[in-house]
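2 protein chains.
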Amino acid sequence: MNRSTPHVVIIGGGFAGLWCTRALASAPVRITLVDKANHHLFQPLLYQVATAGLSAPDIAAPLRHILRRQPNAQVLMAEVTGIDVDAKAVRLDGPVAPQTLHYDQLVVASGATHAYFGHDEWAPHAPGLKTLDDALAIRRRLLLAFEQAEAATSEEERQAWLHFAIVGGGPTGVELAGTLAEIARHTLREEFRRFDPRQASVRLIEAGAAPLGHFPPALQQRTRAQLESLGVQVCCGSPVAGITDRGYLLRDRFVPCRTVLWAAGVAASPLGALLGAPLDRAGRVKVNPDLTLPGHPEVFVAGDLAAVTRPDGRPVPGVAPAAKQMGAYVARSLRARLGGGSAKPFVYADYGNLATIGRMAAVVDLRGFQISGLLAWWFWLAAHVFFLIGFRNRISVLLNWALAYWTYQRGARIVLGQDRSTRDPP
Amino acid sequence: MNRSTPHVVIIGGGFAGLWCTRALASAPVRITLVDKANHHLFQPLLYQVATAGLSAPDIAAPLRHILRRQPNAQVLMAEVTGIDVDAKAVRLDGPVAPQTLHYDQLVVASGATHAYFGHDEWAPHAPGLKTLDDALAIRRRLLLAFEQAEAATSEEERQAWLHFAIVGGGPTGVELAGTLAEIARHTLREEFRRFDPRQASVRLIEAGAAPLGHFPPALQQRTRAQLESLGVQVCCGSPVAGITDRGYLLRDRFVPCRTVLWAAGVAASPLGALLGAPLDRAGRVKVNPDLTLPGHPEVFVAGDLAAVTRPDGRPVPGVAPAAKQMGAYVARSLRARLGGGSAKPFVYADYGNLATIGRMAAVVDLRGFQISGLLAWWFWLAAHVFFLIGFRNRISVLLNWALAYWTYQRGARIVLGQDRSTRDPP
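Going down the list, the sequences are from chains A and B.
Residue numbers for the first sequence follow numbering that gives the first Met the number 0, beginning at 0 and rising by one.
Residue numbers for the second sequence follow numbering that gives the first Met the number 0, beginning at 0 and rising by one.
It is possible that part of the hints are untrue.
Since the list gives no way to pick out one identical chain from another, each pair is judged satisfied if it fits inside one copy or across any two copies.
Here are the simulated SDA-like cross-link-like pairs (lysine to any residue), alpha carbons at most 25 Å apart as the crow flies [as the list claims (entries may be wrong)]:
hint : residue 1 : residue 2
1    : K87       : T152
2    : K35       : E190
3    : K35       : G312
4    : K285      : D103
5    : K35       : D195
6    : K35       : F194
7    : K285      : V346
8    : K35       : Q158
9    : K285      : G169
10   : K285      : K343
11   : K87       : V28
12   : K35       : T152
13   : K129      : G416
14   : K35       : D132
15   : K35       : G416
16   : K87       : E227
17   : K35       : L374
18   : K35       : K87
19   : K343      : P310
20   : K35       : R188
21   : K35       : R192
22   : K35       : E154
23   : K35       : A151
24   : K129      : P269
25   : K343      : G246
26   : K35       : D133
By construction, these hints were calculated from the structure, which means they are not laboratory data.
Because the structure is a prediction, the values reported are computed rather than measured.
My request is simple: use the sequences and hints to build the entire structure.
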């Protein structure tokens, strides 16, 4: 491996970037994988860290450790601040010293972030869930809300601390709402002296007609029923019209609430805009059918950042299996080029959808094969533990779930860090 | 239990405060336990969180959960900002709304913090280890130092990132140095492309004659030998004379170093100064032999905040067993008063000392019965797992240790949060 070996720079160590890197293990290329975190994150279980069921290290693994036996891959922990597709250069900044990487082939897989539909002023009052730091911030808010309720000096104030609103009825919103209801009903039992945690109310707000709108109608019904049996109020058909530090506005009514979580909008990573190509409304890069940037065959976009359409016109969804498939596809395409060939267009293989709702409840839709309830939950658990990276993580997650099942306890109810915004304003 | 029941306010949910609270479970008192964290922390294993061997929740348990079946105890998560011993009032602030608690009996057990011997300007460059947030900040610095070394553009810079100095040769300094050497030698093997992590050097700096100065001389020798066999440079007999963001000054020589950890000085919590009583040089409150504040029999001071002398003139050390004994003593004393009696002076029962050094190495001194090496390590492990609070925590710690032993891996190598001070200055 010498300096004349083609240099592939991959931005993002998520499912797309990491699967691409690993699929290039035996290819005659030099790979530099850049990520601003030091770890690959198993995002499907992030809501468990936010709701204190798992520790942050349970669902993450250091990128360098995953790639330690792949000598053609180097990992750099850095933030990408610029991409110059004409000069074939990527500009890096903190935490390391600023520097520039020159590439022969570039794979941009920096994922997605939250979107507040033009209401960025809602962001401080309604945090979203994309990174481990987000999850720890949400955990802190949830746990501190109950602490505030215990210390509240008026009943009105206490009720505002005991009302939780989750905006967005996608999988993340459903998971957060179901788990929060379980915490209030079971986990915190007997722990407070001035109120009963079962007084807490959890509301899931979905602008569309039902939660999990991308599932078949029968499973949407089951989801709603399972959420309601856990004690969640499901409010559909109206979007939230305002969010402040005192509450939210829904159907012209202001509801006092100190803890609003955002699971409604996703926008592509801002790196897409640096590529100079057309973007869709969510900021995703409109790529060619082979996932390359129009006019730049040496630049690939993969994962949540890529706007790709299926033959029937529907978009490829922003889910982990799609990102892994795109990452592996880009690697195949790069290998084909090294051999002088080219790859056929990317085709998304849709194996179905699964989402969990709460304690032993989930919905699974595998190309028409539909299950819900306990059996679906076991399927969901097996799939998630199987796809976790790292033996330790699998053991630890199983152990935590087993203990949570027996004891109704959640092992990570520890407030970490400071977040002054949860302080009740004077 | 009504409002005329005596109100006992206990400040601090560490070993002293929590043991006192639990020992009052069946006493006819109302207890309010105040802590600025939501958890009791098992400090003896804090260095494992700092060195990525354990997750933060592994060594902590929510105070409310520990006390959920003790109806006479209420937990408030708040910071104490004032104590008025004449008005018998404690002033609370964030994270909850400001409020005042009135007490009949007060137990102040707010513990200790770092001391920089009048050099507070060293604090940002040499973080200490007392809380979970401290541990996560140190973990971030240690992991980022290796990331910086990989991205360094000069060999000189890389060496500065690969030199680690630990100031203070007490148990915490010895644990940190031994574990860091193990990480550099084993854990990070194969993971970097531009240097070999075994190039990293770890130096333990102790101003006194030997590390673990409070152990018998034979065990001090064994400690030094075990540290050196792990690859730690042990520098004794000279204090550090300066610390900046570029390195430290030792014996008139400036050593380039980006990661200095502080394990040298302990000062009592600043709450001691609010009590208006005489303090010793470390800021601890000079209490009466029954742990009460001079002139205020209704105020007790327990744990690391109390300056107590043994019959032979030596001070009671700031260790967990002493804090537990003081907490239990204060509870006995309060019970005796409720029955119209009074308690004999506090007597510290010294069962010995133990400290761990690194992979399967420790020293144990039990009233003259001395062991070191592997057997001592097993003893140390058993003692620590036994005293951990919570079944989940014991299981999780044992699992993590077993996996670390087999694989040389450390399960929590995840950088969390931001710390711009680790950024290389321009």
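Within a copy, between copies, both or neither: which one fits K35 and L374 at a CA-CA cutoff of 25 Å? neither (38 Å within a copy, 42 Å between copies)
Within, between, both or neither: K87, V28 at alpha-carbon 25 Å: Answer is within: at 16 Å inside a copy they meet the 25 Å cutoff, but 73 Å across does not.
Check K35 against Q158 for me: Cα-Cα at most 25 Å, and say if that holds within a copy, between copies, both or neither. between (39 Å within a copy, 23 Å between copies)
When Cα atoms must be at most 25 Å apart, do K35 and E154 count as within-copy, between-copy, both, or neither? Between. Shortest inter-copy distance 23 Å satisfies the 25 Å Cα cut-off; intra-copy 44 Å does not.
Evaluate K35 and D133 at a C-alpha cut-off of 25 Å and name the case that applies: within, between, both or neither. Both: 14 Å inside a chain and 22 Å across chains, each within 25 Å.
Identical-chain pair category, K87 with T152, by Cα at 25 Å: For K87 and T152, the Cα distance is within 25 Å only across copies (21 Å; inside one copy 61 Å).
From the Cα coordinates, with 25 Å as the cut-off, is the pair K35 and F194 best called within, between, both, or neither? between (42 Å within a copy, 21 Å between copies)
Is it within, between, both or neither when you check K35 against D132 at 25 Å Cα-Cα? both (12 Å within a copy, 21 Å between copies)
Reference check for the pair K35 and E190, CA-CA at most 25 Å: within, between, both, or neither? between (39 Å within a copy, 17 Å between copies)
Tell me, please, which holds for K35 and R192 at an alpha-carbon limit of 25 Å: within, between, both or neither? between (43 Å within a copy, 18 Å between copies)
Give the relationship of K35 and K87 under a CA distance limit of 25 Å: within one copy only, between copies only, both, or neither. Cα proximity of K35 and K87: one copy only (20 Å, versus 51 Å across).
Can you tell me if K343 and G246 fall within 25 Å by alpha carbon in one copy, between copies, both or neither? neither (51 Å within a copy, 55 Å between copies)
Hint compliance for this structure: hints 3, 16, 17, 25 are not met, and every other hint is.
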